[in-house]
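Starting from the known structure of chain B, fit chain Z onto it as the hints suggest.
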Amino acid sequence: MTTLLAYLDPGSGSMILQILAGGLAAVAVTAKLYWRRLMRFLRIRKDDPEAETAGKADSA
Amino acid sequence: MQTFTLETGSFRDPESRIFYAGDSVYRALSREGLEDFEALSASGLLDDERIVRTERVQEDGLPELLPTETAGVLRHELIPFVSYPYEWSFSMLKDAALLQLDLLLAALDRELILKDSSPYNVQFKGARARFVDVGSFERLRQGEPWVGYRQFCMLYLYPLLLQAVKGVPFQAWLRGSIDGITPAQMRGVMSFRDRFRRGLFLNVFAHARLERRYAAKGGEVREEVKRAGFRKELIVANVRKMRKLVTRLEWDPPQGVWVQYGERNSYTDEDAARKDEFVRKVAGSRRWRLAWDIGCNTGRYSRIAAEGADHVVAVDADQGPVELLYRELRDAGDERILPLTMNLADPSPGLGWRGLERKSLPDRGRPDLVLALALVHHIAISANVPVKELVDWLAGLGCSLVIEFPTREDPMVKTLLAPKREGLHPDYELSFFERCLHEAFVVERSERLRSGTRVLYFARPKRA
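Here the protein sequences line up with chains B and Z, keeping their order.
Quick note on my numbering: the first sequence kicks off at 1479 and runs consecutively.
Quick note on my numbering: the second sequence kicks off at 511 and runs consecutively.
These aren't lab readings, by the way, just hints derived from the structure by calculation.
The structure displayed is predicted, hence computed values, not measured ones.
Check the hints yourself; a few may be wrong.
Across the chosen pairs, the derived CB separations fall in these ranges [stated by the list, open to error]:
#: 1; chain 1: B; residue 1: Asp1487; chain 2: Z; residue 2: Asp762; range: 18 to 28 angstroms
#: 2; chain 1: Z; residue 1: Phe514; chain 2: B; residue 2: Asp1487; range: 23 to 33 angstroms
#: 3; chain 1: B; residue 1: Arg1521; chain 2: Z; residue 2: Val678; range: 41 to 51 angstroms
Anything over 12 angstroms on all C-beta distances counts as not near chain Z; from chain B, calculated [claimed, not checked]:
#: 4; residue: Val1507
#: 5; residue: Arg1521
#: 6; residue: Ile1522
Heads up, the beta-carbon is just placed ideally off N, CA and C, and yes, glycines get one too.
Bound-form chain B, shown alone (with noise of 0.2 angstroms):
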């Protein structure tokens, strides 16, 4: 995956709302984001491996 290039500081509420506001077409995002938050904080996952490697692929 690419780093993001934007020049532009998309916000981090501002990309929250985005999934909020989308109604119908955010749902499965909505689900997925919340359900991520959900894992982590009763701590059956504490965090995503995968994410994790891609963060370093992009770093380097």
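Below, chain Z alone, put in the same frame as chain B:
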């Protein structure tokens, strides 16, 4: 390539940079920027007439223009006169917003996206909005959100809401803040009941709250959003909703005498006809490249000037008549008269980084003809500008001039003087005005209108 000048307002995007050479405007692109341009070109969207006409050119020997190597150069159609959102009337900003959203939808349809949402990317050719930042198109990256959403709110949606919902003109705020109105600021001017207005709860109230809550978690949220899979359909849904919201926003100028009739009310029909004729004769005396009609009101004389000028910039301090003029010109498809709202006693200065990112009015192109009709008394009496300074400022533009002087006996002048202390504005006298005019210009012709309280002059610059 011959000598070139960098555009001082186009440094923000590291992938592209505007520069001028000869009479043309060019854009240097980085490798990444060029690949994006090729994708845009292949999509067919570049041929859309709402986008500034653009062609790829071969240019060698360019010095360093970008943080990375220049990989390609484009040449753009020249916009006759650059204007900024803080000089536009409500419908101009609204039309620019809709253009931005429509092009974004068209781009998404072709697996492209606009990387920002700045109204400075839109320019008006007459009353026709043109999208000028071809460098804003880029290939859509899977999982990325609509990066320009926040900027769209700050520079389009909130200013429009300010005017439509609160009746507060947005121009002063946009002129005072180059990045626009933040969600928290917009939240601050909203009342309790505004949260029940369509679209406002999410785009203003929730937006401000989420921004505060996630302020320090930029990278974290971005990764999370990416992993959850931000799909294109979601962006399309949001842009469509935004379009609906913007379309619904309306503002109408107050139904004042000023708006409906302007100062024409203080003229007899015969005087109005003679004034028309005076301006028409000047307009037709040669081909004018750029005329400014300052204090244009409903644009009556801008239209006459346009008979003999390639382009006319029509300026008035009152947004009301400018809004009505814009609507009329837009509906007629006019590409030669650009209506702007600006107080001439406080004209747009240089703004932004080093005061060069946005240019002052005269720095964007000197006129060769200026119409200053029914203006002098407003500047001299209402704004307290000495008559001589006003004439000298006009002379400094190096242009020919059609100017009207209403004498102290004129009903409008009397109205303006009425609230002032007796004896103020001793320089507001016909003889003194004429002396100043003769010192700074060569007066070709003058005519006193039949009513006797208004005198018209046609003057040309001394050094020409």
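Taking the closest pair, is the beta carbon of B:Ile1522 still more than 12 angstroms from chain Z?
-> The claim stands: B:Ile1522 keeps its Cβ more than 12 angstroms from every Cβ of chain Z (closest is about 16 angstroms).
Note whether the CB distance of Z:Phe514 and B:Asp1487 lies within 23 to 33 angstroms or breaks it.
-> 31 angstroms, holds
Could one say that the CB atoms of B:Asp1487 and Z:Asp762 fall in the range 18 to 28 angstroms?
-> 36 angstroms, violated
At the C-beta level, are B:Arg1521 and Z:Val678 separated by a distance inside 41 to 51 angstroms?
-> Given a distance of about 50 angstroms, which is inside 41 to 51 angstroms, the answer is holds.
Determine whether the non-interface label on B:Val1507 survives the test: each CB of chain Z must be over 12 angstroms from its CB.
-> For B:Val1507, whose nearest Cβ neighbour in chain Z is about 5 angstroms away, the distance does not exceed 12 angstroms, so it is violated.
Does the no-contact call for B:Arg1521 survive, Cβ to all of chain Z over 12 angstroms?
-> Non-interface label stands for B:Arg1521: nearest chain Z Cβ at 17 angstroms, farther than 12 angstroms.
In summary, the numbered hints that this structure violates are 1, 4.
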